[in-house]
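**Student:** Each chain, written out:
Number of protein chains: 2
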Amino acid sequence: MHEYKRIGRDLVYKGSIIDYYKDTIEVANGNTVKWDFIDHHGAAAVVPVTDDGKLLMVRQYRNALDRYTLEIPAGGMNPGEDYKVAAARELEEETGYKSDELEFLIKVNTTVAFCNEEIGIYVARNLVKSEQRLDEDEYIDVVAMDVEELCNMIYEAKIKDGKTISAILAYKNKYVEKN
Amino acid sequence: MHEYKRIGRDLVYKGSIIDYYKDTIEVANGNTVKWDFIDHHGAAAVVPVTDDGKLLMVRQYRNALDRYTLEIPAGGMNPGEDYKVAAARELEEETGYKSDELEFLIKVNTTVAFCNEEIGIYVARNLVKSEQRLDEDEYIDVVAMDVEELCNMIYEAKIKDGKTISAILAYKNKYVEKN
Numbered sequence: 001m002h003e004y005k006r007i008g009r010d011l012v013y014k015g016s017i018i019d020y021y022k023d024t025i026e027v028a029n030g031n032t033v034k035w036d037f038i039d040h041h042g043a044a045a046v047v048p049v050t051d052d053g054k055l056l057m058v059r060q061y062r063n064a065l066d067r068y069t070l071e072i073p074a075g076g077m078n079p080g081e082d083y084k085v086a087a088a089r090e091l092e093e094e095t096g097y098k099s100d101e102l103e104f105l106i107k108v109n110t111t112v113a114f115c116n117e118e119i120g121i122y123v124a125r126n127l128v129k130s131e132q133r134l135d136e137d138e139y140i141d142v143v144a145m146d147v148e149e150l151c152n153m154i155y156e157a158k159i160k161d162g163k164t165i166s167a168i169l170a171y172k173n174k175y176v177e178k179n
Numbered sequence: 001m002h003e004y005k006r007i008g009r010d011l012v013y014k015g016s017i018i019d020y021y022k023d024t025i026e027v028a029n030g031n032t033v034k035w036d037f038i039d040h041h042g043a044a045a046v047v048p049v050t051d052d053g054k055l056l057m058v059r060q061y062r063n064a065l066d067r068y069t070l071e072i073p074a075g076g077m078n079p080g081e082d083y084k085v086a087a088a089r090e091l092e093e094e095t096g097y098k099s100d101e102l103e104f105l106i107k108v109n110t111t112v113a114f115c116n117e118e119i120g121i122y123v124a125r126n127l128v129k130s131e132q133r134l135d136e137d138e139y140i141d142v143v144a145m146d147v148e149e150l151c152n153m154i155y156e157a158k159i160k161d162g163k164t165i166s167a168i169l170a171y172k173n174k175y176v177e178k179n
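For the record, the sequence lines run as chains A and B. Heads up: the first sequence is residues 1 to 179, going by the working numbering. Heads up: the second sequence is residues 1 to 179, going by the working numbering.
Keep in mind the hints are simulated off the structure, nothing from the lab. Keep in mind that the hints are not guaranteed to be accurate.
Heads up, the list lumps identical chains together, so a pair's fine if it works in one copy or across two of them.
Keeping only pairs whose Cα atoms sit at most 16 Å apart, straight-line, the calculated EDC-like set for lysine to aspartate or glutamate is [what the hints assert, rightly or not]:
id	residue 1	residue 2
1	K172	D146
2	K172	E148
3	K34	E138
4	K22	D66
5	K174	D137
6	K5	E81
7	K5	E26
8	K174	E148
Make a model of the complete structure from these sequences and hints.
**Tutor:** Structure follows, in structure tokens:
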């Protein structure tokens with residue numbers, strides 16, 4: 001298929017966690033179009049499962065939405081870092097629990113129309129108490145919740161974060177006993 | 001909770017489907033931080049269910065990933081448009097089928113760390129043949145697929161689009177007979 005060919009990518013602005021580009025695309029109909037492109041360095045996320053089957057969720061402020069969200073623990077990759085290593089690191093930093101039993105669940109491209117962000121998502125079991133280690137400007141609350149309650153919140157649009165919806169439903173569909 | 005207060009939002013660049021801002025945030029520890037913010041006008045998406053229980057998927061080029069993706073039909077909102085109206089419109093434009101039986105499924109914030117994009121996702125049944133109406137520079141293939149096959153592709157990381165993963169798993173969890 002050759003309906004589209006990218007013939008240019010020009011930096012418009014370097015941000016802190018993303019960079020903004022304009023792509024130039026040659027279309028099969030002969031047109032040349034300019035499309036937005038946001039470069040993101042990737043992220044890792046984790047579904048932390050407690051011994052009694054609850055999931056550890058984090059509550060934090062999101063300036064893009066100007067509100068607090070309930071999400072699975074997640075964070076940006078360090079340069080050269082593996083998704084699984086990053087997921088284990090973010091688990092410990094954000095929740096104060098660590099695990100050496102991480103299993104791959106899914107990969108998510110968050111918003112394919114304009115951004116290359118990819119999140120590697122893992123399930124973590126056998127959680128062991130450690131220490132929360134937040135960044136200087138990071139405030140995060142941790143809460144253990146039932147899978148069924150989380151699913152209800154998804155259908156009531158009380159949980160809207162895409163990686164969190166994908167991860168919880170993928171975990172439930174794969175691992176939780178069918179009703 | 002008042003760990004964060006947004007005290008500024010400055011436009012950096014107006015794009016075609018997104019605009020780039022820098023937010024200024026006052027943190028409870030006394031710091032002032034500058035965080036990225038991408039303004040997006042929202043989108044609607046649809047899980048189109050055929051009479052024999054398959055889902056209509058679209059395959060299209062995504063410049064941000066420089067590859068073709070398999071996604072549920074979706075598109076940006078027109079100004080003042082309702083999510084359900086937009087979902088019905090995108091269904092017909094992208095697949096060539098229309099439906100007057102759309103039911104709310106979930107809402108997705110695609111990437112909460114820097115963007116306010118929200119997608120309203122609906123399930124469409126009783127599909128009736130109409131005409132595909134693509135934009136001038138839009139090339140889209142439509143394919144009907146089994147839910148189980150789509151789920152397998154999610155766990156094999158062959159489907160990675162976030163709204164598509166969330167929507168397919170939310171549809172399956174709510175409507176498809178348990179194994």
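**Student:** Is it within a copy, between copies, both, or neither that the alpha carbon of K22 lies no farther than 16 Å from that of D66?
**Tutor:** Cα proximity of K22 and D66: across copies only (14 Å, versus 27 Å in one copy).
**Student:** For the identical chains here, do K172 and D146 meet the 16 Å Cα criterion within one copy, between copies, both, or neither?
**Tutor:** within (11 Å within a copy, 20 Å between copies)
**Student:** When no copy is specified for K174 and E148, does a C-alpha distance of 16 Å or less occur within a copy, between copies, both, or neither?
**Tutor:** both (14 Å within a copy, 12 Å between copies)
**Student:** Checking an output row: K5 and E26, CA cutoff 16 Å. Within, between, both or neither?
**Tutor:** Intra 5 Å, inter 43 Å, cutoff 16 Å: intra-copy only.
**Student:** Given a CA cutoff of 16 Å, do K34 and E138 count as a within-copy pair, a between-copy pair, both, or neither?
**Tutor:** Between copies only: 13 Å across chains, 36 Å inside a chain, cut-off 16 Å.
**Student:** If the cutoff is 16 Å on CA atoms, where do K174 and D137 land: within, between, both or neither? Let me know, please.
**Tutor:** neither (36 Å within a copy, 39 Å between copies)
**Student:** Could you place K5 and E81 in one of the four classes (within, between, both, neither) given a Cα distance threshold of 16 Å?
**Tutor:** neither (30 Å within a copy, 32 Å between copies)
**Student:** Give the relationship of K172 and E148 under a CA distance limit of 16 Å: within one copy only, between copies only, both, or neither.
**Tutor:** both (9 Å within a copy, 15 Å between copies)
Of the numbered hints listed earlier, those contradicted by the structure are 5 and 6.
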